[in-house]
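Engineer: So the sequences go chain by chain: A and B. Residue numbering for the first sequence follows this note's numbering, starting at -1 and increasing by one per position. Residue numbering for the second sequence follows this note's numbering, starting at 136 and increasing by one per position.
These aren't lab readings, by the way, just hints derived from the structure by calculation. There could be a bad hint or two in this list.
Computed footprint of chain B on chain A, listed as stretches where at least three residues anywhere in the stretch have a Cβ under 8 Å from a Cβ of chain B [what the hints assert, rightly or not]:
hint	segment
1	62 to 69
2	88 to 95
3	102 to 111
4	115 to 125
Don't be surprised by glycine CBs; every beta carbon is placed ideally from N, CA and C.
Read off the chains here:
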Amino acid sequence: MKELLNVDKLHKTFKLSAKQQKLERTNDKIKVAVDGVSFKAYEGEVFGLLGPNGAGKTTTLRMLATLIKPDGGDATVDGSSIVNNADKVRQKIGFLTSELKLEEYFTPNYLYDFFSELHNVPSDVRENRKNEIFGLFGIGKFAEVKVADLSTGMKQKVSLAVSIVHDPDIIIFDEPTNGLDVLTARVVTDFIQTLKERGKTVIVSTHIFSLIEKICDRVGIIINGKMILCDTLENIKAGQNLEDRFFDIYKETVGEDV
Amino acid sequence: MKNTIITILKKELKRFFGDKRMAFTTILMPGIMIFVMYTFMGDAISGMVTVDDDYVYKIESTNMPDSIKSLMDGMKLSDGMKDIDTNGGGAAKEKIRNNEDELDLYIVFPENFESDIAAYNSTSGGKAPDVQVYYNSASTESQAVYKMFIEMMDSYEAAMANKFDINNDKNIKYDLAEEKDAAASIFSSMLPMLLLMFIFSACMAVGPESISGEKERGTIATLLVTPAKRSHIALGKIIALSIIALLSGASSTLGTLLSLPKLANLEESGIGSNVYGITEYIALAVVIMSTVLLIVTMVSIISAFAKSTKEAGTYVTPLMIIVMLVGLSGMFSDGAQKELFYYIIPVYNSVQSMTGIFSFDIMPSGMAASVISNLVYTGIGVFILTRMFNSEKIMFNK
Chain A
-1 MKELLNVDKL HKTFKLSAKQ QKLERTNDKI KVAVDGVSFK AYEGEVFGLL
49 GPNGAGKTTT LRMLATLIKP DGGDATVDGS SIVNNADKVR QKIGFLTSEL
99 KLEEYFTPNY LYDFFSELHN VPSDVRENRK NEIFGLFGIG KFAEVKVADL
149 STGMKQKVSL AVSIVHDPDI IIFDEPTNGL DVLTARVVTD FIQTLKERGK
199 TVIVSTHIFS LIEKICDRVG IIINGKMILC DTLENIKAGQ NLEDRFFDIY
249 KETVGEDV
Chain B
136 MKNTIITILK KELKRFFGDK RMAFTTILMP GIMIFVMYTF MGDAISGMVT
186 VDDDYVYKIE STNMPDSIKS LMDGMKLSDG MKDIDTNGGG AAKEKIRNNE
236 DELDLYIVFP ENFESDIAAY NSTSGGKAPD VQVYYNSAST ESQAVYKMFI
286 EMMDSYEAAM ANKFDINNDK NIKYDLAEEK DAAASIFSSM LPMLLLMFIF
336 SACMAVGPES ISGEKERGTI ATLLVTPAKR SHIALGKIIA LSIIALLSGA
386 SSTLGTLLSL PKLANLEESG IGSNVYGITE YIALAVVIMS TVLLIVTMVS
436 IISAFAKSTK EAGTYVTPLM IIVMLVGLSG MFSDGAQKEL FYYIIPVYNS
486 VQSMTGIFSF DIMPSGMAAS VISNLVYTGI GVFILTRMFN SEKIMFNK
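I would like the entire structure built from these sequences, with the hints used as guidance.
Structural biologist: Structure, rendered in structure tokens:
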């Protein structure tokens, strides 16, 4: 299997303001968000990042998406470094997170075309892709409705469609089903399966065990910015169900009850 | 990849012009408002200082000699005129003081005015016969008739001892200022400041919205994960904002040019903004375009620092005050600067160039220096903005 993503000891710290220090009851001026995380992902697999809130999942993914720069370590996306070759990386990945918003004033149709142009997608290819994905997600009916007037689920579907206008080989989803109803969540998980069948590499971060069990081939467990365990789903579960296994690992790592 | 700039530019323009209310309030409104306001102000001011043509001045007088009466007749002041004796003086003064249009002027002549002045010798050092004229400066009519009467009496006095005249020939034009010079002095003192103000407020209306607004709403992050070059995003936005600011500035300028002659009361003297020719307008357009680019860039950089549109508005205000003050400097200066150095100081160079244009005194090297230096500053600004788009600390400071 071709290795598409190689994350090598990524490190990221944030400065804490005096107020944040008080909130976190610490005297440290610096918070280590991601502490030497490494993992690999291969063509045609879904890699899951599992961890509690604040573990560093989103920060890791934001570094991979080149929104923020690591303080140490590097990662290569299909051979391009996120540190030295961010422009190239941006061409190769699709990134979906709740942090990335669509301009509410525009319609899904316009936004799809706009982002296609930014990705230099030829217009005939664009129309084909648009028809396919709008059909798949049922966006067609709402193609000319302003994003502001769409439901949360429909907005998320449009964001998803827009994030992959350039048909990237690596797709990074940060909490893709958060805040969605079961029907829409189902559409999204089905879509991730479809992407995998097409040979794409999908990186998903979540704290929802069932989602991991359903779609991931391999899983990395992140706690307090450290990659505690990274293996295939089967090996990590070691015969248990994922939820029980995770609590065991958490107890071992943090050394206290959850 | 050049078309990334166009893509961003088109999106920004679509966003702006698609929103009819925003387009109307930013582009058409300022021009209309300025035109209506200035015209109204001009009318109100001239209404305050002029008296209706058919107004009959109410004048009371004591001991007015016939020679003066016939002069009054010649001035068409005798229709509302009435003689009273000295005892009525107190009542007359009271009526003028009341300022209720009962009486405009009360004139008291010495009893034997004509013979007194005939007997008076100015070299004797004695007290000259004194005419007392009571009026009320708070009343437009009273003030007007007072002035007319004083002028009339002055020429009466001059006529009695006429030794020489000044500018007496009505057929000679003594004021040698050309019509365009008169316009130039007014326009060149007011317009640079006004134009700068319009341009700045237009930039302020759209800049923060487009940059800190996108940051605030999280839509800029969506742009930043695309392969679009940061410099292209910055340029696309700056060009789009400049186009909008230019349109808004053009509308304000048009409103001003059409209403300023009325405001400055120039219309009666036949002076209008049509004294400027195509050269002036082209030069003005070039200067304004480069100024708009510079100001949009400055506002954009400040907006990129701000966390929200509101914050951007606060941060931009000090810059606005500085720009206004620089604009004001044009009002007090005596024509445009001659040293080239002044034409590379941002904003000040635009004021100087505009002052030069409006006073028909264009300094080509100065104008070139202004435009080029503005473009250079814009380039530096785009570079800074690009760096800011690349900085996670600035783009994601919540």
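Engineer: Would you mind marking each hint as holding or not holding in the structure?
Structural biologist: Now the hints, each set against the structure:
1. Coverage of the segment 62 to 69 of chain A by chain B holds in this model, with 5 residues showing a Cβ closer than 8 Å to a Cβ of that chain against a need of three.
2. Coverage of a stretch by a chain is defined here by at least three residues with a beta carbon nearer than 8 Å to that chain's beta carbons; for the segment 88 to 95 of chain A and chain B the count is 4, and the condition holds.
3. With 4 residues having a Cβ less than 8 Å from any Cβ of chain B, the segment 102 to 111 of chain A passes the three-residue criterion, so the hint holds.
4. Interface restraint, the segment 115 to 125 of chain A with chain B: holds (4 residues with C-beta to C-beta distance below 8 Å; minimum three).
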